[in-house]
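First to last, the protein sequences are chains G and D.
Residue numbers 1 to 159, in the working numbering, belong to the letters of the first sequence in order.
Residue numbers 160 to 744, in the working numbering, belong to the letters of the second sequence in order.
Please keep in mind that the hints were generated in silico from the structure rather than gathered at the bench.
Where hints are given, some of them may not hold.
Said to hold, decoys possible - Below 20 angstroms or equal to it, Euclidean Cα-Cα: the simulated DMTMM-like pairs (lysine to aspartate or glutamate) are:
1. D:LYS278 to D:GLU370
2. G:LYS85 to D:GLU384
3. G:LYS52 to D:GLU384
4. D:LYS290 to G:GLU63
5. G:LYS52 to D:ASP375
6. D:LYS347 to D:ASP336
7. G:LYS85 to D:GLU293
8. G:LYS52 to D:ASP210
9. G:LYS85 to D:ASP381
10. G:LYS52 to D:ASP381
11. G:LYS46 to D:GLU370
12. G:LYS18 to D:ASP289
13. D:LYS368 to G:GLU90
14. D:LYS367 to G:GLU63
15. D:LYS608 to D:ASP659
16. G:LYS52 to D:ASP336
17. D:LYS290 to G:GLU67
18. G:LYS85 to D:ASP405
19. D:LYS367 to G:GLU65
20. D:LYS413 to D:ASP659
21. G:LYS85 to D:ASP731
22. G:LYS46 to D:ASP381
23. D:LYS367 to G:GLU62
24. G:LYS85 to D:GLU724
Claimed, not checked - One side only, chain D facing chain G, incomplete, derived with CB under 10 angstroms:
25. ASP221
26. GLY224
27. PHE377
28. SER390
29. GLN553
30. VAL567
31. ASN620
32. MET730
33. ARG738
Stated by the list, open to error - Ranges of calculated distance between the beta carbons of each label pair, as one might list FRET restraints:
34. G:MET110 to D:ASN571: 42 to 52 angstroms
35. G:ILE33 to D:LEU266: 53 to 63 angstroms
36. G:ILE89 to D:GLU655: 34 to 44 angstroms
37. D:PHE265 to G:ILE33: 52 to 62 angstroms
38. G:GLU90 to D:TYR284: 33 to 43 angstroms
We treat Cβ as the ideally placed atom computed from N, Cα and C, and that holds for glycine.
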Amino acid sequence: MDRVQQFTQAYSQAPWRKQLQGIGIFLVVLVVILLAASVFVSVTAKTAALGKEIQRNRQEIEELEFEIANMESQLAILTSASVMKQRAIEMGFRPATSEEIMYIHGPGYMGRDHVELAEPAQPTTATAPVISPAFTQSWVDWLARQFRAPLIPLAEAGP
Amino acid sequence: MNEKHSLRYASMGLAFALAGLVITTRLIQIQVVSPNAEILNYEALDGKEWDTLVPARGDIYDRHGHLLAGSQLIYEAALELDYVRNPTTIALAASVELGLDYHEVFLEASQNPKDAPFKHITLDYFVPYDKAQELLELKDQLREDPAKAGESEDGIPHSLSGLVITPRLDRSYPEGDLASNVLGLVDKEGNSHNGIEEHLQWLLSGVKKEEYVSADPFLAMDIPEIYDGASLVLTIDREIQDTVEDILDVHLEKTGSYAGSIIVMNPRTGEILAMASRPRLDLSGEWKLDEVYQEGQAFNMAIDGYESGSVFKIITMAAALDSGVATPDTPYTDTGGLTVEGWTIRNWNGGAWGPQTMTTCMEHSLNVCLAYVATEMLGQNRFYEYIRAFQFGQPTGIELAREYAGHVRFNNDDNWHLIDLATNSFGQGIEVTPVQMLRAISAVANDGKMVTPHILKAVINRGHQYTIAPEIAGSPISAETAHTLSAMLAQIVESESYTDMPENIRVAGKTGTATIYNSGLTNASFVGWGPLDDPQFMVYVWLNKPTVSQWASLMASPAFVDVVERLMVLMDIPSDSVRLSMADG
Chain G
1 MDRVQQFTQA
11 YSQAPWRKQL
21 QGIGIFLVVL
31 VVILLAASVF
41 VSVTAKTAAL
51 GKEIQRNRQE
61 IEELEFEIAN
71 MESQLAILTS
81 ASVMKQRAIE
91 MGFRPATSEE
101 IMYIHGPGYM
111 GRDHVELAEP
121 AQPTTATAPV
131 ISPAFTQSWV
141 DWLARQFRAP
151 LIPLAEAGP
Chain D
160 MNEKHSLRYA
170 SMGLAFALAG
180 LVITTRLIQI
190 QVVSPNAEIL
200 NYEALDGKEW
210 DTLVPARGDI
220 YDRHGHLLAG
230 SQLIYEAALE
240 LDYVRNPTTI
250 ALAASVELGL
260 DYHEVFLEAS
270 QNPKDAPFKH
280 ITLDYFVPYD
290 KAQELLELKD
300 QLREDPAKAG
310 ESEDGIPHSL
320 SGLVITPRLD
330 RSYPEGDLAS
340 NVLGLVDKEG
350 NSHNGIEEHL
360 QWLLSGVKKE
370 EYVSADPFLA
380 MDIPEIYDGA
390 SLVLTIDREI
400 QDTVEDILDV
410 HLEKTGSYAG
420 SIIVMNPRTG
430 EILAMASRPR
440 LDLSGEWKLD
450 EVYQEGQAFN
460 MAIDGYESGS
470 VFKIITMAAA
480 LDSGVATPDT
490 PYTDTGGLTV
500 EGWTIRNWNG
510 GAWGPQTMTT
520 CMEHSLNVCL
530 AYVATEMLGQ
540 NRFYEYIRAF
550 QFGQPTGIEL
560 AREYAGHVRF
570 NNDDNWHLID
580 LATNSFGQGI
590 EVTPVQMLRA
600 ISAVANDGKM
610 VTPHILKAVI
620 NRGHQYTIAP
630 EIAGSPISAE
640 TAHTLSAMLA
650 QIVESESYTD
660 MPENIRVAGK
670 TGTATIYNSG
680 LTNASFVGWG
690 PLDDPQFMVY
700 VWLNKPTVSQ
710 WASLMASPAF
720 VDVVERLMVL
730 MDIPSDSVRL
740 SMADG
């Protein structure tokens with residue numbers, strides 16, 4: 001009891017201590033808000049920087065694609081039929097006749113086939129997603145999924 | 160509170176005030192004094208909120224991967240009226256660098272954005288790379304050092320703000336005029352004309368999107384993805400196409416022909432290996448369609464209609480053999496004339512050829528004989544059933560724009576007469592296209608099965624190649640008929656009527672000369688295929704209005720022979736003696 005009285009007495013003798021207590025609480029709240037704000041600002045800044053980088057990368061991709069397409073065309077011009085024919089003539093070649101060609105039997109040789117410029121298309125089959133939704137969905141997505149979950153079997157059941 | 164504490168509070172207040180001042184100063188500095196160049200350059204990046212996202216147009220390759228149509232980098236100069244600060248500077252730069260009219264550009268740039276019908280005005284679609292770089296450098300200099308740039312006469316600081324130089328892709332044709340009749344073309348405005356460019360425009364161009372595009376980095380992921388147009392692999396072989404075009408050009412000159420076409424097709428699959436036609440456009444340079452193609456002139460003669468003449472006798476004879484009314488040795492006595500509905504059909508030389516067989520009727524290309532076969536042996540119903548089975552009057556569906564369907568008067572049509580049956584039997588009074596003839600005659604070379612001519616080998620879309628399978632169009636005749644007729648047509652090619660035919664490879668074929676009504680001129684044609692026992696190529700030659708001679712045997716046959724000799728080399732086809740000895744072991 002004595003200690004409590006001493007404390008009360010001390011505060012009543014010095015009211016600025018109460019003010020200081022109020023200021024302290026205010027500052028604590030302010031610091032918490034500032035911390036939250038700084039985290040928000042930091043995350044926002046990083047997001048903005050990444051967004052800007054994505055935009056720059058996209059632009060760079062587009063420019064590179066333009067360059068590649070342009071260079072492919074330039075290469076095709078340099079190796080066009082007329083240019084190659086002219087170069088062959090300048091180098092002293094002439095078209096062979098069928099009598100000048102010697103054929104050798106090559107077992108299994110099927111002749112020259114058409115070009116494959118991309119992977120042949122495969123029949124589409126349903127595949128499981130590689131990344132679990134737990135790593136990609138936000139908590140809002142997760143919550144929405146939980147709400148929708150009971151409806152899915154019904155929807156999938158069909159008529 | 161004592162003074163000591165008051166001093167502490169004052170110090171804290173001062174510190175906070177100073178911090179606030181520093182932050183405010185920095186904000187002003189960022190926003191006003193020395194703003195970030197990227198932010199200032201916002202309008203150059205893309206000032207518009209709504210933008211049209213244009214996918215890259217797909218490429219076109221030949222069957223071996225040679226690029227026939229691709230893309231090249233060019234620049235577009237345009238005005239963004241919302242950002243124009245000094246119309247004088249823009250007009251000056253546009254007139255000096257781009258050669259545009261100063262006053263026109265000045266008037267365009269001086270418009271009030273609120274009143275102007277368009278805020279984005281294209282000044283030049285095709286700005287070369289060096290001019291574009293010069294303009295961009297000048298724009299940067301004026302922005303970075305406006306004081307040095309000075310002012311125009313109206314007192315406004317020089318600025319190229321509002322002049323936007325945007326890179327974009329434009330169609331490029333690296334092979335020049337090679338296969339231009341097949342490819343078609345894309346003009347400066349991006350519109351496709353003729354050929355596969357027009358026919359498969361929807362596939363090549365991809366899908367444009369009008370989307371909200373923002374420079375806001377938080378919306379970076381919201382930019383919609385657009386898929387480029389699909390690329391195409393054609394059945395065309397660049398080397399064969401080049402060679403056949405050269406041969407066509409040579410023979411057009413030699414024969415004094417007005418125009419012409421040569422097609423090479425694989426009769427087993429319907430793949431078009433070459434499709435030459437003249438006139439041709441050099442797509443790599445400046446071109447004007449109207450100047451190259453006169454009124455009524457087809458862009459691609461291979462899909463244009465004409466009266467084929469005696470090459471059509473192959474169809475009549477196929478019908479006669481298949482229906483069993485004739486054999487190769489069926490006798491016929493040619494009297495030199497056949498009267499139908501008061502009209503007299505005569506032979507090409509007006510003569511009577513006496514005792515003949517069906518084989519010699521074909522060898523001497525006797526109109527009277529074939530008219531007799533159609534009118535007296537086959538009859539109208541059976542003849543036109545075969546015409547339907549060979550699908551004349553129907554487009555082949557080849558992947559080229561503006562394919563003509565041809566024109567046939569069937570015996571149930573109101574304006575049909577019996578004389579039509581007689582003239583149709585030797586290819587007059589019936590309009591066909593060269594690709595239709597190839598489709599029909601492929602049945603003779605391919606064991607009775609008719610193939611659909613096609614020029615598209617594969618489609619490449621989103622990283623996958625989809626190969627187009629050959630298609631059988633029908634079986635109008637039996638395999639036996641096909642073999643019999645092939646042997647007949649090989650025999651007549653080896654006869655005295657056909658001179659200078661290839662000696663080292665056995666081929667089947669037929670000439671065709673058709674008079675052009677009221678002109679005194681002809682269409683000279685030849686269709687042939689080989690090797691006879693294993694057909695790998697079918698060649699169709701059409702020379703329009705040859706002036707040196709009117710006969711196909713003199714005009715079109717030599718072109719066929721030249722094509723066959725080159726095909727043997729380019730397609731690795733040994734002579735018959737070598738090929739058969741290799742097959743024996």
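For each hint, the structure was consulted:
no., hint, verdict
1, D:LYS278 to D:GLU370, "17 angstroms, holds"
2, G:LYS85 to D:GLU384, "42 angstroms, violated"
3, G:LYS52 to D:GLU384, "17 angstroms, holds"
4, D:LYS290 to G:GLU63, "18 angstroms, holds"
5, G:LYS52 to D:ASP375, "8 angstroms, holds"
6, D:LYS347 to D:ASP336, "18 angstroms, holds"
7, G:LYS85 to D:GLU293, "37 angstroms, violated"
8, G:LYS52 to D:ASP210, "19 angstroms, holds"
9, G:LYS85 to D:ASP381, "50 angstroms, violated"
10, G:LYS52 to D:ASP381, "13 angstroms, holds"
11, G:LYS46 to D:GLU370, "26 angstroms, violated"
12, G:LYS18 to D:ASP289, "76 angstroms, violated"
13, D:LYS368 to G:GLU90, "49 angstroms, violated"
14, D:LYS367 to G:GLU63, "19 angstroms, holds"
15, D:LYS608 to D:ASP659, "30 angstroms, violated"
16, G:LYS52 to D:ASP336, "45 angstroms, violated"
17, D:LYS290 to G:GLU67, "17 angstroms, holds"
18, G:LYS85 to D:ASP405, "12 angstroms, holds"
19, D:LYS367 to G:GLU65, "18 angstroms, holds"
20, D:LYS413 to D:ASP659, "16 angstroms, holds"
21, G:LYS85 to D:ASP731, "19 angstroms, holds"
22, G:LYS46 to D:ASP381, "17 angstroms, holds"
23, D:LYS367 to G:GLU62, "16 angstroms, holds"
24, G:LYS85 to D:GLU724, "18 angstroms, holds"
25, ASP221, "8 angstroms, holds"
26, GLY224, "4 angstroms, holds"
27, PHE377, "6 angstroms, holds"
28, SER390, "7 angstroms, holds"
29, GLN553, "28 angstroms, violated"
30, VAL567, "35 angstroms, violated"
31, ASN620, "8 angstroms, holds"
32, MET730, "9 angstroms, holds"
33, ARG738, "8 angstroms, holds"
34, G:MET110 to D:ASN571: 42 to 52 angstroms, "48 angstroms, holds"
35, G:ILE33 to D:LEU266: 53 to 63 angstroms, "57 angstroms, holds"
36, G:ILE89 to D:GLU655: 34 to 44 angstroms, "38 angstroms, holds"
37, D:PHE265 to G:ILE33: 52 to 62 angstroms, "56 angstroms, holds"
38, G:GLU90 to D:TYR284: 33 to 43 angstroms, "37 angstroms, holds"
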